[in-house]
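Undergrad: Read off the chains here:
2 protein chains.
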Amino acid sequence: MSVQKIAKLAGVSVATVSRVLNDSPSVKAVNKEKVLAAIKALNYQPNLLARQLRTSRTGMILAMVSNIANPFCAAVVKGIEREAEKNGYRILLCNTESDLERSRSCLQLLSGKMVDGVITMDAISELPELQNIIGDAPWVQCAEYDPDSSVSSVSIDDISATEFVIDQLVKTGKKRIALINHDLSYQYAQHRELGYLDGLKRHGLAYCEIIYADELDYLSGKEAVLSLLKNAQRPDAILAISDVLAAGVINGLNELNVAIPEDIAVVGFDGIDISQITTPSLSTIQQPCKEIGEMAFSLLLQQIDSTSSVKRVHHLLPWTFIKRQSS
Amino acid sequence: MSVQKIAKLAGVSVATVSRVLNDSPSVKAVNKEKVLAAIKALNYQPNLLARQLRTSRTGMILAMVSNIANPFCAAVVKGIEREAEKNGYRILLCNTESDLERSRSCLQLLSGKMVDGVITMDAISELPELQNIIGDAPWVQCAEYDPDSSVSSVSIDDISATEFVIDQLVKTGKKRIALINHDLSYQYAQHRELGYLDGLKRHGLAYCEIIYADELDYLSGKEAVLSLLKNAQRPDAILAISDVLAAGVINGLNELNVAIPEDIAVVGFDGIDISQITTPSLSTIQQPCKEIGEMAFSLLLQQIDSTSSVKRVHHLLPWTFIKRQSS
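So the sequences go chain by chain: A and B.
Residues in the first sequence are numbered from 1 upward in steps of one, following my numbering.
Residues in the second sequence are numbered from 1 upward in steps of one, following my numbering.
Treat the hints loosely; a few may be bogus.
Because identical chains cannot be distinguished in the list, a pair is counted as satisfied if it fits within a single copy or across any two copies.
Said to hold, decoys possible - With a straight-line Cα cutoff of 30 Å, these simulated DSS-like cross-link-like pairs (lysine-lysine) come out:
#1 K5 / K86
#2 K201 / K230
#3 K86 / K113
#4 K8 / K32
No lab work stands behind these hints, which were simulated from the structure alone.
No experiment lies behind these values; they were computed from the predicted model shown.
Just chain A, same shape as in the assembly (with noise of 0.2 Å):
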C-alpha cells in the first residue's frame, strides 16, 4: 500500500504518515517535512491518500460493460469515468457480454477488497444469479433495469420513447412500419419491442414485421435489412433498436437504390455519433449516456458512504428524439 512506501522512503512509521495525512497535530515539523517531501517525491495526492486510510476504501469500482465494442457503452462508461475521478475513484472494466462466468471472475475483485463497488451493465436475465454473487455490495444496475428488483438502477423508459417513434414516423403517413430488434435477454429490447407493438395497435396499423440482428455491429444491421427486403411486402419505414444497426440499414438500403425517407424511412436508437454522419443523416432517440453513467456512479457513492443500507432506487432519465433527413 502506498502509506507503507512513504514511511520507508520518509524513514519514519506508519502511524506518523497517518497522523501527517490526518492533519494531527502531534507530529515533530521535521517529520512532516520528509513525509510530504516522500509523498511529493512518489507522487501521490494526499487527499486521496488520506481519505482512503480514514475510510479503508481502495478507490476502486468496477464497471462491468455488456459489449465494449458498442459505442453506446462506450459514452456510458465515460459518464461514469467523469464522476467517478471528480470524487477521487478510479475504474475497473470487465467486458462481459453478460456471460456470467466473465462475471464471475470478475466480482472476485469485490469479495477480494479491491474494489468498493460495482456498476453492471448485464442483462436482466443474469440479474438474480448476479444478485446471488454481488448480495449486500453496493451494486447500481445501468442502462438496463427490473422495477422488480432490489438493485437501484439507471436507464431511460424504453417503452415510451419506442411509442414516440412510431407516432412520428404515422404522422409522416408510414403505415408499414419494421422493427430490427436484438437479443431479447435484455430488458431494454423486450421494451423497445413492447413499445413498438403497443404504437402500432394504438395506431391500428396491420403490418408487422421484427427481425433479430445477431450482433450489435453495421454488417449486422445491414443484413437484417436485405433478408427483410425479401418479404412480399415492403416496409415504409424502419426502426432499429441501435444506431450502429440503423447505419447498417442505411447502407443496405443505399445499396439497393431504395430512397431514404421517401420509400423507407430509418430511425435508430442511442444518438451515438454516428447518427450524425451516415447519409442521410439518422433520426434517432437519443438517450443520456453520459448521464446514464454519471448518475450510476453518485448512486453507488451514495450506498458506499453510507454507515446503514441505503433504499434502492430506478432512475428513468429522459431521452430526445432527434429529426434528421432519413425520416
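Please build the complex by placing chain B on the supplied structure of chain A, with the hints as guidance.
TA: Chain B only, in chain A's frame:
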C-alpha cells in the same frame, strides 16, 4: 478464495479439496463426492481451480486500453479475450487514455497479486514511467511499440503501410495528398506521418499538408476536412490515420458535394467495420486487430509460464491494403 468456500460447504479441509482437484488417489470416496457436489453447487470450474492451486496463479490479466471508444481498441481486446479464454484466463480492462495516474491506480492489481500480467496499449511516451511501475512483471505492449525498449510488443509496420498508400494514390494520378493525423505522443502517429513524408519525397511531390484531429472520432474527422478545404490549394487525396476520422472526412466531403474519389480520394487506416458502410465505401489499411490481441496474450502467457526470464521480442504482423470505392 474459492477453495475455502468449497471446503466449508463440503465440510472437509482445504487440503482435501486440493487433493480432489489434483485427482489424488488418497481421498475417501465419500469426501470426493462431497467436494464435487460443493463445486457444482457453487458453480465453479474444477479445471481452473486445480490449475490455480498448482500454479498459485490468479487466472486474470490486466489489459490497459488506450481508448475504449476507439473501435480498433475494442477489436484488439476481442483478440486478447479470445486467446485468454482458450487458456483459462479472464481479462480486466482499464481505459487509460494514456493517463499515467489511471494506469498507476490499475497497476495496483499487479502489485496486489490480483493479476498475473499486463498488456498495455499506452503511448510510447508513457513507457519509461510504466517501466518504473511494472518492473520485471510479465508485460506486453500492444499496437504501439518502441524498438529500443525491452518490453515485448506486437504491432504492424506503420511506416511501410503508409508509404504503400501514398504509392497507390500516386498510381491513380493523385498529386496533392493531405494527411489527417492525431496525437503525436503515440509512436503509430509519428510513424504514419513519417511514412507519409517519405512517400511524398520518393515521388517528388511538393504539396504537403498535415492536420491534427483533436479526438479519434467522426466529428473531429469532419472538422479536420472542413478546415483543410479552406486552404488556397485543395488536396486531391486525403489519408486519415484512422477509419473513424476517414468516415468523418467522407461525410464532410459529401455535404460539400465533392466527388469521391474523382475530385478527392479518401483512404483510412485500421480496417474496422465502418469502412464497409460509408458512402462511398472506404479504402483502408486493414490491421490484423484480433491477431494483434491474440499474439499479445500468447507472448504474455509465455512470460507468465516461464520460470526464467524470457527474451523480449518485437513482432510486426502483416497488414493489407483494401481498395474500395473511395480511392
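Undergrad: Each hint should be assessed against the structure and marked as holding or not.
TA: Do the hints match the structure? See the list:
1. K5 / K86: within (25 Å within a copy, 37 Å between copies)
2. K201 / K230: Within one copy only: 25 Å inside, 52 Å across.
3. K86 / K113: For K86 and K113, the Cα distance is within 30 Å both inside one copy (22 Å) and across copies (28 Å).
4. K8 / K32: Classified as within: same-chain Cα gap 14 Å, cross-chain 47 Å, threshold 30 Å.
In summary, this structure violates none of the numbered hints.
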